[in-house]
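Novice: We have chain A; now place chain B onto it with these hints.
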Amino acid sequence: MKFKPLTLDLQKYHMQRLWPQFTAATNRGNRASWTGTLQPTAMSNTYTVEFAYTARWRPEIRVLSPELRVRLGCSRLPHVFREGTLCVHTAWEWRGDLIIAQTIVPWTSTWLYFYEKWYQTGYWCGEGTHPDLPQHKQQDDVAA
Amino acid sequence: MAVNAIPLHSDDFLVELDDLLFQVCEELQLPPYRYRQAEERYRAVAAVLEATGSFFATLAPKIYPHGSMRLGTTVRPVGGPHDLDFVLELSTPYQNVNPMKLIDALFAVLKDNGVYKEMVDRKNRCVRIKYADEFYLDILPACKDHGSGGTCVQVPDRRAKFWKPSNPIGYANWFQWQAELGTRFLLEKAMPLPAQQRTEEKRPMQLIVQLLKRWRDIYYGGNDFAPISIVLTTLAATHYKGEQSVSDGLLAVLSRIAGAIAVAERQGIRLVVCNPSNTAEDLSECWDEDPDAYGMFTSGIKDFAAQWGRLLARGGDVNGELDRLFGETVQLVRVKQARRLQEARKAGMLGIDAVGRITTASAGVTPLRPNTFHGD
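As they're listed, the protein sequences go chains A and B.
For reference, each letter of the first sequence is one residue, going 1 to 144 in the working numbering.
For reference, each letter of the second sequence is one residue, going 1 to 376 in the working numbering.
This is chain A alone, in the form it adopts within the complex:
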């Protein structure tokens, strides 16, 4: 199906409208990035997150601070790419005509929520792909 990608200006407009605490940090032609804070619950850390977007490509999500921690006994974080950016969607769930502010940002907040619970308990309760990986251990084997 054909779709028309949103312009960077429109992405920036929506980011400014929905997440005014994020500042647009760079803008080189077809590339923009936003840095700001997200706190998934009142009992969570407040994370400084950067979204870097090159038009049409997958937005890259980096947590700048506090540093994401790997739970003791696990070799790596769940649902991240090798270079450490967060992976909050599958390839077919992102398209250039979607609004980052309405998709990537809320997904990142829920990723951070499930990350915190994973770090605290060892269980990734947000489901997703590769449920067989040790760092993606699901909650089903927890005694009710």
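Just so you know, these hints were derived from the structure itself, not from any lab.
C-beta atoms are modelled at their ideal positions from N, C-alpha and C, and glycine is treated no differently.
Each hint should be verified, as a subset may be incorrect.
[As the list claims (entries may be wrong)] Some, not all, of what chain A presents toward chain B, calculated at C-beta under 8 Å:
(1) PHE3
(2) THR7
(3) LEU10
(4) SER44
(5) THR46
(6) THR48
(7) ALA52
(8) GLY73
(9) GLY84
(10) HIS89
(11) GLN102
(12) TRP107
(13) GLY128
[Stated by the list, open to error] Using 25 Å as the maximum straight-line C-alpha spacing, the simulated SDA-like pairs for lysine to any residue come out as follows:
(14) LYS336/B with VAL70/A
(15) LYS346/B with ARG95/A
(16) LYS346/B with HIS130/A
(17) LYS4/A with THR372/B
(18) LYS202/B with ALA361/B
(19) LYS346/B with TRP94/A
(20) LYS12/A with ALA363/B
(21) LYS346/B with TRP92/A
(22) LYS336/B with LYS4/A
(23) LYS336/B with GLU127/A
(24) LYS336/B with GLY96/A
(25) LYS346/B with PHE81/A
(26) LYS336/B with ARG71/A
(27) LYS346/B with GLN102/A
(28) LYS12/A with ALA361/B
(29) LYS346/B with GLU93/A
(30) LYS346/B with ALA91/A
(31) LYS12/A with ARG369/B
(32) LYS12/A with LYS111/B
(33) LYS346/B with ILE99/A
(34) LYS12/A with VAL365/B
(35) LYS336/B with THR129/A
(36) LYS164/B with ASN275/B
(37) LYS4/A with PRO367/B
(38) LYS346/B with GLY122/A
(39) LYS336/B with GLY122/A
(40) LYS130/B with ILE228/B
Specialist: Chain B alone, transformed into the frame defined by chain A:
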């Protein structure tokens, strides 16, 4: 040392923390099916004691729960069974009864019974029935103390080889009166998602008592010198002034207990914790024989008050501290919370508010569209 921390957290933090603590208490307390089982078992014991020919049959025995089961403050001990307390009250004036013979008779009746003979044990003031599955029933024999009036009783004490004053019903009434200074716990505001609707209604003070007992079990690691439940319960109920938030109420109670300890220190005495419904009963008399236990109690309370004050003042991610204070039950609650949130996410019920907090979808929040967490 009183802790007068000024909480800097947002209301949302307190609401979330209260919700988590509520769920921790729910995990710790006797589950409903066990409660029903305990009731059935004490009725079965009552039937044995009331049976024709029993020593007790002519003494108009009444058997009723007291302690944490009556107060709604049960806490599963770390790695051990619940012990549930019942009073076997006889209408006979205590002056007409030999206290040692009374506790021996209770033991003998149960020992002679085919069902209970292998399960009973004599303790200082009660006879314990040990069930294989998760709990003990402690039966405390008691006789009416008409001189003290009201619901006062006297109970045999094997160490003292005499009677000791008590008033379990009066105590429970006092506890309920204190608890009703606070309204029932409400969860409508809890974010991001309140736990399922509870049928049981709890008051903040009951949760404060449960949390104190749980902290005690973790902090003192099950050692004999740990403060006993009745002392913690009485102190909490005495110093509770109707705080609606469990978290704030816990800090207020701890600060006031620490204040009372400081006053006693200045007077060169130990804190005396009496049964408010029968002040002749010093619930804390064990501290007379063990000053070290008293020292560990006072330093423990001061520690807890300071830690809890810092935790509330800081807000945000206090999860590590909660694990240390209340143990692994907190973990179980977190998994359940995350599981509930995931179900709501799949049902399309969630949104994200302006600071990125997950909440139930409504006007003014960004709806959460379906996504799949992925990765290499």
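Novice: Could you run down the list of hints and mark each one as holding or not?
Specialist: Do the hints match the structure? See the list:
no.: 1; hint: PHE3; result: violated (16 Å)
no.: 2; hint: THR7; result: violated (21 Å)
no.: 3; hint: LEU10; result: violated (16 Å)
no.: 4; hint: SER44; result: holds (6 Å)
no.: 5; hint: THR46; result: holds (7 Å)
no.: 6; hint: THR48; result: violated (11 Å)
no.: 7; hint: ALA52; result: violated (18 Å)
no.: 8; hint: GLY73; result: violated (14 Å)
no.: 9; hint: GLY84; result: violated (11 Å)
no.: 10; hint: HIS89; result: holds (5 Å)
no.: 11; hint: GLN102; result: holds (6 Å)
no.: 12; hint: TRP107; result: holds (5 Å)
no.: 13; hint: GLY128; result: holds (3 Å)
no.: 14; hint: LYS336/B with VAL70/A; result: holds (21 Å)
no.: 15; hint: LYS346/B with ARG95/A; result: holds (21 Å)
no.: 16; hint: LYS346/B with HIS130/A; result: holds (18 Å)
no.: 17; hint: LYS4/A with THR372/B; result: holds (23 Å)
no.: 18; hint: LYS202/B with ALA361/B; result: violated (28 Å)
no.: 19; hint: LYS346/B with TRP94/A; result: holds (18 Å)
no.: 20; hint: LYS12/A with ALA363/B; result: holds (22 Å)
no.: 21; hint: LYS346/B with TRP92/A; result: holds (18 Å)
no.: 22; hint: LYS336/B with LYS4/A; result: violated (42 Å)
no.: 23; hint: LYS336/B with GLU127/A; result: holds (14 Å)
no.: 24; hint: LYS336/B with GLY96/A; result: violated (36 Å)
no.: 25; hint: LYS346/B with PHE81/A; result: holds (24 Å)
no.: 26; hint: LYS336/B with ARG71/A; result: holds (19 Å)
no.: 27; hint: LYS346/B with GLN102/A; result: holds (17 Å)
no.: 28; hint: LYS12/A with ALA361/B; result: holds (24 Å)
no.: 29; hint: LYS346/B with GLU93/A; result: holds (15 Å)
no.: 30; hint: LYS346/B with ALA91/A; result: holds (19 Å)
no.: 31; hint: LYS12/A with ARG369/B; result: holds (20 Å)
no.: 32; hint: LYS12/A with LYS111/B; result: violated (81 Å)
no.: 33; hint: LYS346/B with ILE99/A; result: holds (21 Å)
no.: 34; hint: LYS12/A with VAL365/B; result: holds (19 Å)
no.: 35; hint: LYS336/B with THR129/A; result: holds (21 Å)
no.: 36; hint: LYS164/B with ASN275/B; result: holds (12 Å)
no.: 37; hint: LYS4/A with PRO367/B; result: holds (23 Å)
no.: 38; hint: LYS346/B with GLY122/A; result: holds (21 Å)
no.: 39; hint: LYS336/B with GLY122/A; result: holds (13 Å)
no.: 40; hint: LYS130/B with ILE228/B; result: holds (20 Å)
Consistency note: the structure conflicts with the earlier hints numbered 1, 2, 3, 6, 7, 8, 9, 18, 22, 24, 32.
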